[in-house]
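The listed protein sequences derive, respectively, from chains A and B. So for the first sequence, our numbering puts the first residue at 286; every next one is plus one. So for the second sequence, our numbering puts the first residue at 33; every next one is plus one.
It should be emphasised that the hints constitute simulated quantities derived from the structure, not laboratory data. Beta carbons: idealized from backbone N, C-alpha and C, even for Gly.
List of simulated lysine to any residue pairs, SDA-like, C-alpha gap at most 25 Å: (1) B:LYS270 to B:ASP246; (2) B:LYS75 to A:GLY615; (3) B:LYS442 to A:ASP421; (4) B:LYS188 to B:ARG347; (5) B:LYS130 to B:PRO195; (6) A:LYS534 to B:THR71; (7) B:LYS323 to A:ASN519; (8) B:LYS442 to A:GLY422; (9) A:LYS470 to B:ASP382; (10) B:LYS323 to A:VAL530; (11) A:LYS600 to A:GLU674; (12) B:LYS442 to A:ASN478; (13) B:LYS390 to B:VAL373; (14) B:LYS75 to A:TYR476; (15) B:LYS157 to B:LEU174.
Pairwise CB distance ranges, derived in the manner of DEER restraints: (16) B:THR362 to A:GLY372: 53 to 61 Å; (17) B:PRO325 to A:GLN475: 17 to 25 Å; (18) A:GLY566 to B:VAL354: 52 to 60 Å.
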Amino acid sequence: MKTILSLMSILFLALSPILAGGSSYSSSKYGLWEYKPNTRALGMGGSSIAWPSNATINLQNPAALYGVSMTRYEMNFYFEGNEASTGGIQRYSDRTTINHMAFAIPIGKNFATAINLSRLTAVGYEYSLPSTSAHDGLAYTQRLSGEGGVQQLGFTNAYRINSDWTVGFSVQYIFGTIKRFWELKWSTDQYLNTNDRFEENIHGSRYVGGAIFQKDAFRYGAYYAISSGFGSDNRVVGVYGDTGVAFTKSLQFPNEIGFGATYAIGSKYTVGGDLIYSTWGEASELTTKNRDTWRLSSGVEMQPAQGLNLKWFQKNSYRIGAYYQTLYVGHSGGNYANEYFGTLGIGIPFNKGKNSLDVAFEFGQRGNIATNNVRDRVYRLTFSVTGGEKWFLNRQKRKD
Amino acid sequence: MKLSFPPVFFVNFCFMIFLGVNFGCSDDPDDINGGVINTGQLKTDTLYVSDIKNYRSILDSVTTGGGTRYYLGSSGTYDFKIALRFGIPESLDSVIVKSAYLRMVSAATYGAGTSMNLEIQSIQKFWSIDDLLWDRLSTSDLSAPFNQTAITPTNKDQNLIVPFNRDTIQKWIVGRTETVQNRGILLGFSNATFIQQFYSGRNLTVSGGLTTFDTLHNTSLVVNWERYDREKNEFESKTTYLIPETVIGLNDNDGGYGGYIYRDRSPQSMNTLTVGGGLPYHALLKFDVSKLPSALTVSFAEMLMTIDQSGNYLRNSGDTNVIEAYVLDTDTANWLPSKLVRGPLSNSFDSVHDDTLKIQISSIVQSWASRPSNNFGLVLEDHFEHSSNPFQLYRLKFNYDPVDRERSPKIIIHYTIPPGVQ
Chain A
286 MKTILSLMSI
296 LFLALSPILA
306 GGSSYSSSKY
316 GLWEYKPNTR
326 ALGMGGSSIA
336 WPSNATINLQ
346 NPAALYGVSM
356 TRYEMNFYFE
366 GNEASTGGIQ
376 RYSDRTTINH
386 MAFAIPIGKN
396 FATAINLSRL
406 TAVGYEYSLP
416 STSAHDGLAY
426 TQRLSGEGGV
436 QQLGFTNAYR
446 INSDWTVGFS
456 VQYIFGTIKR
466 FWELKWSTDQ
476 YLNTNDRFEE
486 NIHGSRYVGG
496 AIFQKDAFRY
506 GAYYAISSGF
516 GSDNRVVGVY
526 GDTGVAFTKS
536 LQFPNEIGFG
546 ATYAIGSKYT
556 VGGDLIYSTW
566 GEASELTTKN
576 RDTWRLSSGV
586 EMQPAQGLNL
596 KWFQKNSYRI
606 GAYYQTLYVG
616 HSGGNYANEY
626 FGTLGIGIPF
636 NKGKNSLDVA
646 FEFGQRGNIA
656 TNNVRDRVYR
666 LTFSVTGGEK
676 WFLNRQKRKD
Chain B
33 MKLSFPPVFF
43 VNFCFMIFLG
53 VNFGCSDDPD
63 DINGGVINTG
73 QLKTDTLYVS
83 DIKNYRSILD
93 SVTTGGGTRY
103 YLGSSGTYDF
113 KIALRFGIPE
123 SLDSVIVKSA
133 YLRMVSAATY
143 GAGTSMNLEI
153 QSIQKFWSID
163 DLLWDRLSTS
173 DLSAPFNQTA
183 ITPTNKDQNL
193 IVPFNRDTIQ
203 KWIVGRTETV
213 QNRGILLGFS
223 NATFIQQFYS
233 GRNLTVSGGL
243 TTFDTLHNTS
253 LVVNWERYDR
263 EKNEFESKTT
273 YLIPETVIGL
283 NDNDGGYGGY
293 IYRDRSPQSM
303 NTLTVGGGLP
313 YHALLKFDVS
323 KLPSALTVSF
333 AEMLMTIDQS
343 GNYLRNSGDT
353 NVIEAYVLDT
363 DTANWLPSKL
373 VRGPLSNSFD
383 SVHDDTLKIQ
393 ISSIVQSWAS
403 RPSNNFGLVL
413 EDHFEHSSNP
423 FQLYRLKFNY
433 DPVDRERSPK
443 IIIHYTIPPG
453 VQ
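With the rest of the complex left out, here is chain B (with noise of 0.2 Å):
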């Protein structure tokens, strides 16, 4: 039997292949469709208010303790106080405190004020990190001032000296291993017309590649004690310098050393959209895009927000904030302080200086579009939370109205269908 398809196939290919090499395309194609081609579609579409299917603003906060800055006084709407515990080491067993001061480092002032009265009070009470809140703390835990300084906004790295009262100290060294006696202090103001920042006690340096306490900056109390030595007969002085302890209920990797204390007296309502820093209010939004086709691509998509001056905080028409817009993988049952998760940054800030927020917001409409069951929603952020000044106070307010949907958010999309794909 005579075989004959190999060399028959192989004849033709290599045939083929000849053609192929020697007769290749002469000329670059262009402008040549005439309207034959199909081309997908290129469209435009809007997602206004009345797509919104959730919208929250929340500071997203639990607890302030454990931060580098503290906060005290009142200004708008904001109220902060001071809650401190300073540990009484053994070394000052039997020492006489002849005098002491409280020394705080200025990191900003907000507000247009010049004067507070800093107020200072023993906490009667138990406390831990869960008590860091407002009305935490009642009068009934708290004895009365015992120390009142008048202060004026004081500028950055300058030291604010409040002197303190030695027989509180004198007794928490006689009871030091009785707690009870030592409950900490509460820093409060009255006639307070602008806050004060500090640095914490759990502000790090770092030097020589090493990083230490900021003991330059950090809130300490200063203890000018004398003791007397039998041996030598003779009175011994010395200074010995205090730092907050860490407050129950937090470890040391949590931080701690403190926290303040804060209200607005104002707050936001959840029927509002906030962005805000130092009191880190951030604003929830999730868009129903299933008008939007699934097999979309997004050449551009950008979110557009309007601030509503009537509920901004420090911050004037023509200042600059940069948002951020992060996408949530956070159901919306748990948009709640200290719960939200959320994806990587989008490439996408923007001033808010003329304002208007124009924020770019491309992938994320994508991500929503092609897996509907992936959308939490986003969540915009003031990009100094996350950079330079994390505890810059001030507030953004956006507007939020359902019967005016161009001053509300609204999302402008522009994106691509292939050809046939409806």
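Okay, chain A solo, but in the shape it has when bound (with noise of 0.2 Å):
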């Protein structure tokens, strides 16, 4: 097992090159919270409590789980641009890489199963800090990059109770290795130039527990993440390589609770929007007090209209949204960050619709530069492709 999430992480690190640049703020413990598992979702400002899987497959509550029809399974990346800012600099990067993979089941009329490996959080910066910087009367330039993040592989199980009541609760295994890097060139020959290296296996668990309840045009959702055991194996390589300290270290990760709703406006649009709050300030981080952190996303979803010899782009899915979220670490001065974005999707049912491709496109900013001293300028594009198979399904079903 434990060579599998280490192959599964190393295909995460391989597949996600970390270019010059990146989010500063990424440097934070845990790195930037990236949870997209549902590009649906993405489009419509990341909501997606009270949204059941359809042609996706939706994870975030539990019990949205339930409403795959067939055996699907799903695949999604992104890239990413990022300018930072700092009013003076700029600096643009970009970068590509795998989010998300998923497989669902359902089993029976009421129940669905389902798998995934998702990408929690990246960290993923490059950086020289300013040459002014001087120790004991010696200038010495300094070099900061990170990398990795931490993934979930999630087991998740939904069940309808009844036409009003969903729920849905999973389990899931955080893991991930995130290395930074401190690379302090001196001025002086007599001093020795280092590169410290630290590298932390990150592991622990979180249970998840989730419901559905939906009355007439409404769906009302909510769930609550359980953290548990996390800890890390931690290990501090300077220059002198054969001289590498190892410790473990016990930590804390968030618990979390989102609610959400929708309302389906006719047969043609459907509005929701979720709000999630994490204990953020109870997690561990590198050398800051965290806050707590609230996220509020709101999108509409525009149907695929019904009927026959429908043209092309009256089959698609089209979704509008927004989302603003405080960041939960603190930087310079004390000051915490926020991002805020707009975001745009498209679904495009195929292979008579037992398929779908999916894209968001998610466009905002992260800090500024009056309160952070840094601004990121993010355009983040997303696909994801959901395969569907009739497996599993007594002969009447498939006939359906």
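Assembling the complex is the task here: the two chains are given apart, and the hints tell you how they should meet.
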């Protein structure tokens, strides 16, 4: 099992090249929160708690898994461009990364189960610091970089109790490696230039319970996630390669509670919104104190038209949304940064509606120069392909 | 059943690669942090005399036999004598010793004095390498001086001729097979005000790729003799050069060929830090580094020690002595002469011409901090002990005062702690 997880971790790292630049905000303990498994939701500002799965697999609220009508497998990846600016200096960087893989199976009429491997957080930055630093009268330059993040391997089940209520439960193993490098070059040969490497292998568990209540045109969803047993195996390697130090450490990972609601406006539009609160204030951080965070997101989805002889664009789903979230880590001067994004999305069914290509475009800003010294302008394009097979269904259902 | 997963994955993967290849970073990142990224910690700590767990100075030598130099005389608090034994070959049977002298070749002189009386005594007891200590050969073990020669400081590579008692050698020849007759000699001194260094009988020379004993410089006993040749009905006259033989207790591989005996009339106490040459004083120090974080990376660590002029020997302020530091692999229980096990030389030697030793020991401190269980301390030795002039007599004493931490040994360490490590 460990070998498989290690291979998965390597796969995630290998396919997420860290280019020079990146977001300096990802230098926090766990990195930037990047749980973006559902491209459909991304097109609606990330709103997903009260949205049951359909052509895509929705796992944010375990109860939302119910809704997959056939065996589905899904994979998404995104391309992200980031323009970091301090006002006087702008730097552009980009990255491409696989973000999510999932496999879901409906069992009988009222039960669904799924397994997923999804990115939770990401660390990716590489920056030099101003060369005016000095220690003991000696000038030096620094270069800071980090890479990696933590992933989620989840096992999720959803059960429809009756026409009104659906519940779900997810057990998740959180794991990942984060490496940070600190290169320091002195202005004199007498001092040894160093390049410290700090590796954290983070691991822990999360248990998520959720429910969706449906009444008329309304759906209400909620979930609660508890983190447990988090720790890290750490290794520090200095410039003397044989003088690494290894130690273990217990960590705190946040609990999370989310509420969401949707309202169907006729058969064509559905509007929804989420509010998620996370106890990041209790989570471990590198040096500064965290704060609890919340995220508000909302979006609208225009459903495909029903009928025969429809034009291509009439068969698609169209989405629009926005979200605002606070970041957990404080930076210079103790100020915290926030994010606000606008989103657009489209869902394109193919293979007689069994498969879906979903695309989401997010554009927004992270932090601002006046408060946080650094502003990120982010452009993120996410693609997912969801396949469907009528496996494990009885003959009658396969015909449907 | 239609299986569509592989093509989906393939398309996904190819598209991702396409994006990754075509949108690379366009600018070098620089100076963008703005205080957002957590740097590591760059710190400086000092280990003071209060952090020293053990310290000691030892004369790191058990025997003075087998060396390539002898010392004779007295200067400062040092006294030196020389114990030798010359084996008598069978070829000297039946000869009549006409004359003899001891030829010694000067290697160096120490001290400001100008004269001493060299005295030769016969050793009356069986002795070995273990007796090359000052008090082992007592008055009852020695004959009265049978030869006294006034000598003055001699320039390097100059011969010193010491007349030798003819009768003594004749007795050795007569009793060649009776070793009780030939226990060797002790070269002593009286009224000495300087120390003369000589080449021993063990000095080697290389010529044409061959390594041989250096007969031009080695101490030797020159015997002029004659023997009646009955067949020719005439006296045969020849000269034989005898070199000191290996002292019992050593084998040829150890060297040997006599040795010198020394004493320091004002020896460095255990509670000093002394580095010396000729007499190899080594200073040992063990600092407690537990207050340093184990995850540090040392950028620069320097040990500073100040000279205590009162304990120096043959060293004046302004003189240059080069000190080397070696990491120790020997527990403090075995900080004993010839018991020390050293690691490789740290990249760390520095002169003390300004009366302050500043010695870079970055790699040593790193090893102590990273593996505290391997912290056995360090040893300071003089550079010349391992290079061009291993027999130069001198002694450096360093200040050690628990109530004066600035003048006592201290280590200043500049180090880094990576981001996120407490």
